[in-house]
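J.: Okay, here's what each chain looks like letter by letter:
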Amino acid sequence: MTARRGRKLDFEHGVVELIHGGGGRATTQLIEELFLPAFHNPILAARNDQAVMRMPAGELAMSTDSFVVSPLFFPGGDIGTMAVHGTVNDVAMSGAMPLYLSAGFILEEGLPLRDLRRIVQSMADAAHDAGVRIVTGDTKVVERGKGDGVFINTTGIGVRMQGVAPSVEKARPGDAVIVSGTLGDHGIAILSQREGIGFETDVLSDCASLHRMVASLLEVCPNVRVLRDPTRGGLAATLNEIAEASGVGMILNENAIPLDPQVEAACELLGLDPLHIANEGKLVAIVPIDSVEDVLEVLHADPLGRRAALIGRVVEDPRHLVQIQGDFGGARVLDWLAGEQLPGIC
Amino acid sequence: MKFAHEYRDKALAWSTAEVIGRRVDPARDYTLMEFCGGHTHAICRYGIVDLLPENVRLVHGPGCPVCVLPIGRVDQAIALAEQPNVILATFGDMMRVPGSDRKTLLSAKASGADIRIIYSVLDALELARKNPARQVIFFAIGFESTAPATALAVQMAAREGLRNFFVFCTHVTTPAAIDGIFATNAARSGQVKVDGVIGPGHVASITGSDYYKDVAARHRLPMVVSGFEPLDLLQSVLMLIDQIRDGRAEVETQYARAVTVGGNARAQAMMRDVFVTRESFDWRGFGELPGSALRLAPAYARYDAEAVFGIGYHRVTDNPACSCIEILGGVKQPLDCRLFGKACTPENPIGACMVSPEGTCSAYWQHARHHAGETA
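First to last, the protein sequences are chains A and B. Read in numbering that gives the first Met the number 0, the first sequence has 153 at position 154, and its numbers run on one by one without any break. Read in numbering that gives the first Met the number 0, the second sequence has 19 at position 20, and its numbers run on one by one without any break.
I should point out that these hints are in silico values taken from the structure, not numbers from a laboratory. Take these hints with a grain of salt, some might be off.
[To be verified] List of simulated lysine-lysine pairs, DSSO-like, C-alpha gap at most 30 Å: (1) A/Lys145 to B/Lys341; (2) B/Lys331 to B/Lys108; (3) A/Lys7 to B/Lys129.
[What the hints assert, rightly or not] If you anchor each label on the Cβ, the simulated ranges turn out as follows: (4) A/Ser69 to B/Ser99: 51 to 61 Å; (5) A/Ser69 to B/Asp245: 37 to 47 Å; (6) A/Ala164 to B/Arg256: 50 to 60 Å.
[Stated by the list, open to error] Only part of the chain A face toward chain B is listed, based on derived beta-carbon distances under 8 Å: (7) Leu309; (8) Arg331; (9) Asp334.
All C-beta atoms in this analysis are idealised placements derived from N, C-alpha and C, irrespective of residue type, glycine included.
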């Protein structure tokens, strides 16, 4: 038993029990011995059912995301780092500085407390690095077999920088398409750990908060048309969304798209397309063509944007197709993915 | 990337294309069929057609095992998955293939059937070991390239004395598919005339290239067993053009880095041990083809899911508006189908050629859709 009054939680051998989500003493103990010290800030420490904070003037940006990744721990991060960076990035892509996060946990009975502590610590570290505060939260426990260890929901709030308004429908023919680095790293790092498909690779998840890089990008290019982080569905899904919403087409140059050779090799082996694979620390920027040099310069100056590249341009196309120009002269359509990407059989 | 980029060299590809251009006889047309779905994808992805002379036409063959499996077999798999206490283990490709009433393994899973997506048949064996109280059925699909792995799993199950592992065997054989093309009405009436075949590379790495000698001789068919990279395909086209010019109908191997004349003897021995040839098998697009599929040999009958669970095959008629049948036989191209891209898309597939990532329609959708409306 881990939740007896008077005894500390046993983070070495204990596991999550249903009682930890019951709202009673055990829940309080989990909050006091784990969440409060890790997330450590006066708003959370007030221990009310809500966070109360002062907001600076300006437009608010808000985003929510739920994280259900398996395995929970992977090379380069874990579900906790993703839960912070993912929501920070969604807020940041509006041109906002993220300030506050909420965190909702759905824990599965039997989850080792050691794992939970590791995840919570990852969240605390990621939030600290990103300069955001986790100010309110919730914990529920579901019976064994009804969850996948832990699910996390985070909601983020930020304030938009003055005079910027990137939006998905603003891409115009002639604009440039820029990505901030190599694509597919996160998805391949996760796949390499999956049961039944595990393979040897040094690829790390690119999980990172991008709001500071966004801020320096906006400084040199306040009229950036669109900012997006290409997570699920990869670059392909993100560019197709933009093309659809903006009523334009795109033509990409296959050779200009930055890829890690190991990611490329893994995709080759598994029959996957790296442009369909998720990223957690990359952004796509659609910018006016005359800003390309300035934007690439600030991106290259940021450690997270060292391999940023101009990969294509926005064109007029009533069919709203995203096409890739390969080495062979022929173009192909870069489509969204239908369903989950799975290795084929022949 | 080592050993892949070398086969995608632009300059070499263009110079090969140039040689092809010089060798073709401008006075005639060439219709070449690439057998495999993997070939079709590479052709679409790299825009190979754009590099070939106009009188060299590529048609897409029946080489995707998901596509040639008829609706009735999908129904059978769903029925097996819905048996009490069963875990059905399948490759991801099969999950969204529509059976009768557009029911799929995916929808059966959502309704409560225990269906697991696996990456290798060995994962299915592992499921059986870990769940001794459950009946684990492996949905075995594919040509001679995947059959040896199924054979290995059955042998391992027998050695270990696993009593809860079964195989729903729908393995089919490639020479029968080639016979099937020539048995269609379109071929018999001269509507489709195939001048040469780009032969299956992965399958031939198991069977050896000699395996196709009989079928090539039967139809006086030039055949070149090909790899899957753009340079492989261009070289294979060149070899076929040369055969046609010389009036030869031989089985040649372009994919020499993987394929030998005799093939993989050990894999062949495993297949002979575990499988026997079915008298006949129903194919999507071709109907019943004699001697065209494999089943478990009598010695392994206790692993045969069809026999053990007593769920038989019932033929189902295909959607009449869907052109899958003509596409598999090389009579039509995806863009000729009136459902393509409208009623039938990867998100909402009607025919198997669209649902399988190896399928011709799916390849067109992914890579060549922008050509729609440009011709004809």
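J.: Evaluate each hint against the coordinates.
T.: Hints, verified against the model:
no., hint, result
1, A/Lys145 to B/Lys341, "violated, 39 Å"
2, B/Lys331 to B/Lys108, "violated, 34 Å"
3, A/Lys7 to B/Lys129, "violated, 36 Å"
4, A/Ser69 to B/Ser99: 51 to 61 Å, "violated, 33 Å"
5, A/Ser69 to B/Asp245: 37 to 47 Å, "violated, 57 Å"
6, A/Ala164 to B/Arg256: 50 to 60 Å, "holds, 55 Å"
7, Leu309, "violated, 21 Å"
8, Arg331, "holds, 4 Å"
9, Asp334, "holds, 5 Å"
Checked against the numbered hints listed earlier, the structure breaks hints 1, 2, 3, 4, 5 and 7; every other hint is satisfied.
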